[in-house]
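Protein chains in written order, with the numbering used here: chain A, 1 to 140; chain B, 1 to 495; chain C, 1 to 168.
It cannot be assumed that every hint is accurate.
Take a look, some chain B residues computed to stay more than 12 Å from chain A by CB distance [what the hints assert, rightly or not]:
(1) Leu88
(2) Gly108
(3) Glu276
(4) Tyr478
Facing chain C, according to a computed beta carbon distance under 7 Å, are these residues of chain A, among others [stated by the list, open to error]:
(5) Leu77
(6) Tyr87
(7) Gly91
(8) Phe92
(9) Leu93
(10) Phe98
Since the hints were derived computationally from the structure, they do not count as laboratory data.
Ideal Cβ positions, reconstructed from N, Cα and C, are used throughout, including at glycine.
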Amino acid sequence: MLTEFGKIFVFILLAVFFVLIAFFLAKLIRPSRPTREKLETYECGENPEGSPWVRFNLRFYVVALIFIIFDVEVVLLFPWALSYQDYGIYGFLVGIIFLLVLGLGMAYEWRKGDLEWARPKQIPPKLKKIKEELTEAVME
Amino acid sequence: MIPNLSEIFSLTAPEIVIAVTLILVVLVDLIWDKNKVPAMFTAALGLIVAGVVILNGMPETGMIPNNYMVVSDKLGLYFKFIIVLTTLFILLFTYDSKEIIESHLRQGEYYALVYGMVLGMFFLTSAVDLILIYIALELLSLSSYVLAGFSDKETRNSEAAVKYLIYGAISSAFMLFGISLIYGLTGTTNLYGVNEVLSTTVVNIYTLGFAVILIIAGIGYKISAVPFHFWTPDVYEGSPITITAYLSVASKAAGFALLIRFVSITFIDHVKADGEWILNGAFDWQTILIVLALLTMTVGNLSALWQKNIKRLLAYSSVAHAGYILLGVAVLTNLGLVSVMIYFAVYMMMNLGAFYVVMLVANKTGSEHISQFDGIGYTMPYAGVALTIFLVSLTGLPPTAGFIGKLYLFLALLDSNMLMVAFIALLNTVISLYYYVRILKHMYLKNVAEMPEKIETRGYSTVVLSLLVVPVLFFGIYWTPLIDFAKYCVEFVIK
Amino acid sequence: MNLYDIIFYIFAAITVVSGVITVTSKNIIYAAFSLLFTFFGVAGMYVLLGADFISIVQIIVYVGGILILLLFGVMLTNKVTSTDIKSGSVNVLPAVIGVALFAGALISIIIRTKWTETPGEIPLSTAGTLGSVLLNEYVIIFELLAVLLLIALIGAASIARRTKEETN
Chain A
1 MLTEFGKIFV FILLAVFFVL IAFFLAKLIR PSRPTREKLE TYECGENPEG
51 SPWVRFNLRF YVVALIFIIF DVEVVLLFPW ALSYQDYGIY GFLVGIIFLL
101 VLGLGMAYEW RKGDLEWARP KQIPPKLKKI KEELTEAVME
Chain B
1 MIPNLSEIFS LTAPEIVIAV TLILVVLVDL IWDKNKVPAM FTAALGLIVA
51 GVVILNGMPE TGMIPNNYMV VSDKLGLYFK FIIVLTTLFI LLFTYDSKEI
101 IESHLRQGEY YALVYGMVLG MFFLTSAVDL ILIYIALELL SLSSYVLAGF
151 SDKETRNSEA AVKYLIYGAI SSAFMLFGIS LIYGLTGTTN LYGVNEVLST
201 TVVNIYTLGF AVILIIAGIG YKISAVPFHF WTPDVYEGSP ITITAYLSVA
251 SKAAGFALLI RFVSITFIDH VKADGEWILN GAFDWQTILI VLALLTMTVG
301 NLSALWQKNI KRLLAYSSVA HAGYILLGVA VLTNLGLVSV MIYFAVYMMM
351 NLGAFYVVML VANKTGSEHI SQFDGIGYTM PYAGVALTIF LVSLTGLPPT
401 AGFIGKLYLF LALLDSNMLM VAFIALLNTV ISLYYYVRIL KHMYLKNVAE
451 MPEKIETRGY STVVLSLLVV PVLFFGIYWT PLIDFAKYCV EFVIK
Chain C
1 MNLYDIIFYI FAAITVVSGV ITVTSKNIIY AAFSLLFTFF GVAGMYVLLG
51 ADFISIVQII VYVGGILILL LFGVMLTNKV TSTDIKSGSV NVLPAVIGVA
101 LFAGALISII IRTKWTETPG EIPLSTAGTL GSVLLNEYVI IFELLAVLLL
151 IALIGAASIA RRTKEETN
């Protein structure tokens, strides 16, 4: 009736229910006295500053997009990996062509600079000046 | 167990050429990062090779595939050839397009995405398996969504892309659902297999009808048939003009090829000696296609009457033309098929030409509003004359190629005794005359009092324009080669 | 009602209820998270149908990828502090009629149709079989998918770079 995976899913379901029941029981038993401090965002004991809703860098999105595409690629490679041995060199080549095409995509992203993180320009401190300042301070 | 590779290679030779060129285009663009000329030449070269392969493969077709997903026949090759020609023209246009040239850095992507569209369309014209059809459709759609929003100068670009994406996602979801229903009914996704099941066993007619209507929604979106056309004016207006022209011709050609193949393989019983298709009666194609066609041409023509933007006007005009072509399919005879093929060849030349003139004007004036065309007939004489020829041809008047397209369409309709339908189509042609002539009025009768100042056009533009004007006139006067080629290509594999 | 049916109805309920929440919720974050449960429910149904590989793919790609992307999309928007969806509903009556007709047609079809049934055991694992099908008759599709993914990659990067140029 149930497949092996089905049994695992029953376990997952049970786990979910276990958590839900535990939460529900805790709600019944525990005292509920909310204060302002308790409701604040927990930031390791510090007072939270500003809104957590900051706008994210667009770079994250590009990386996530690339991730999804390679995610799908990996998913397609699983069945191939399980069965290509039965087909000899032909099966191997089919997979290699698939990988090469996507490798080209990777090379494309790399070359076009989509993987580079746009960092603010760092101005290296000029050692000479600091040295001069230091010597001046020492002299004084 | 290994599939017959030589057979696969011979079945998909044009597709393989395109796929290899796609990869080469990306590679070339990676190697010459700043210079976009090599990528363009690779793209053009690949198309020429594909065209040669197609023409070369024409004589030896008609193979019945053993459970492979594609079929190679002259019908598919004909549509592929039209797609190749259209793409070549689009590449020529691109070289002249201000919008694309301005986004210079991403031009390599442009060619790669156009190739993605070509590959999708090629598979659409030859696929005989519903899964491959769906994936090819997605490949085509995905590339065209990005291309519709390619230029970054205007917000209407993004609007076009998003609208196209949303409509496209919904209609392809409908189509996928229809495919799944057909699979549930027949237990196979292969069109020949579906045909066999439909002709040997009794299936629930209503379920099949529902599934087919869902699939028609997917195809109707691609050919912008009413009531699936709502995206057309907005997307055509917002996209770069090269892409608008491309969507209006190539994408439609692929959609029609898919429709014809879907009808002619899945539902056909046999072809009579006089070329009439006898369907297996599982679905009343003729009625639904005629209703769709009449709706499409009428809505398209009536909406075009009010348009002030030339791109929108041409969008509605392309909707109307999809209606005419649908009538050619609805006849369900070989003669109707010939008329569709002729109409497409003609439509390709005149529609591309009209869009090219609009692009030339928009390059100079920065807008496609109809008032920008005031006096164009005097300031850009050659472009004005060319647009006049294309518009006359779009109306379907002699001595242009458009007349031949319409003539064969009406002949096919009369041959099947569809007088009433032919009459409505004729009325529609008369309506369309009004809005085409309105552009002419703007070009020649407005602002004539001022001393016209000539706007210089590049020699390149003149040459490209001539490449389209000459065949439109030539085939309007001497159309035998076109007809012969189309008749030669009426061959599709049925089991 | 055996165990199998009960589990199916649980998954179906999870899918439908969270689907409804996704559509109706005015808070886009809630909508995204209830979509997570829809995906899980669908994955559960795939398991019940014996399609183990598809169900894992559903979780890996949809839950692990697409949903994250969706949340990223929310976080990337300009006015992220007001996550309420601003658009109201228009043309409610025609939409209700249309959807009701469509749903009615669909339900009657699903109930009345005699679907094709292929007898067979539920396979222990479908991934290997899928692989040999992909290598044999579906080999064109397998390679076409690589091109499709390449095009998706190029298109996505192109759009992202376009917006980047705009914001700079």
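We went through each hint and held it up to the structure:
With a least CB separation of 25 Å from chain A, B:Leu88 remains clear of the 12 Å interface cut-off, as annotated. Its closest Cβ contact with chain A, about 9 Å, brings B:Gly108 to no more than 12 Å, contrary to its assignment away from the interface. Distance check for B:Glu276 against chain A: the nearest CB is about 43 Å away, which clears 12 Å, and the non-interface claim stands. Against the 12 Å criterion, B:Tyr478 stays outside the reach of chain A, whose nearest CB is about 46 Å from its own CB.
The restraint placing A:Leu77 at the interface with chain C is violated, with a minimum CB-CB distance near 9 Å, outside the 7 Å limit. Interface restraint check for A:Tyr87: the shortest CB-CB distance to chain C comes to about 5 Å, inside 7 Å, so the restraint holds. For A:Gly91, the suggested interface contact is upheld, since its CB lies about 5 Å from the closest CB of chain C, less than 7 Å. Because the beta carbon of A:Phe92 sits about 10 Å from the nearest beta carbon in chain C, more than 7 Å, this interface hint is broken.
Using the Cβ-Cβ criterion of 7 Å, the hint placing A:Leu93 at the interface with chain C is not satisfied: the shortest such distance is roughly 10 Å. This hint holds: A:Phe98 has a C-beta 4 Å from the nearest C-beta of chain C, less than the 7 Å allowed.
In summary, the numbered hints that this structure violates are 2, 5, 8, 9.
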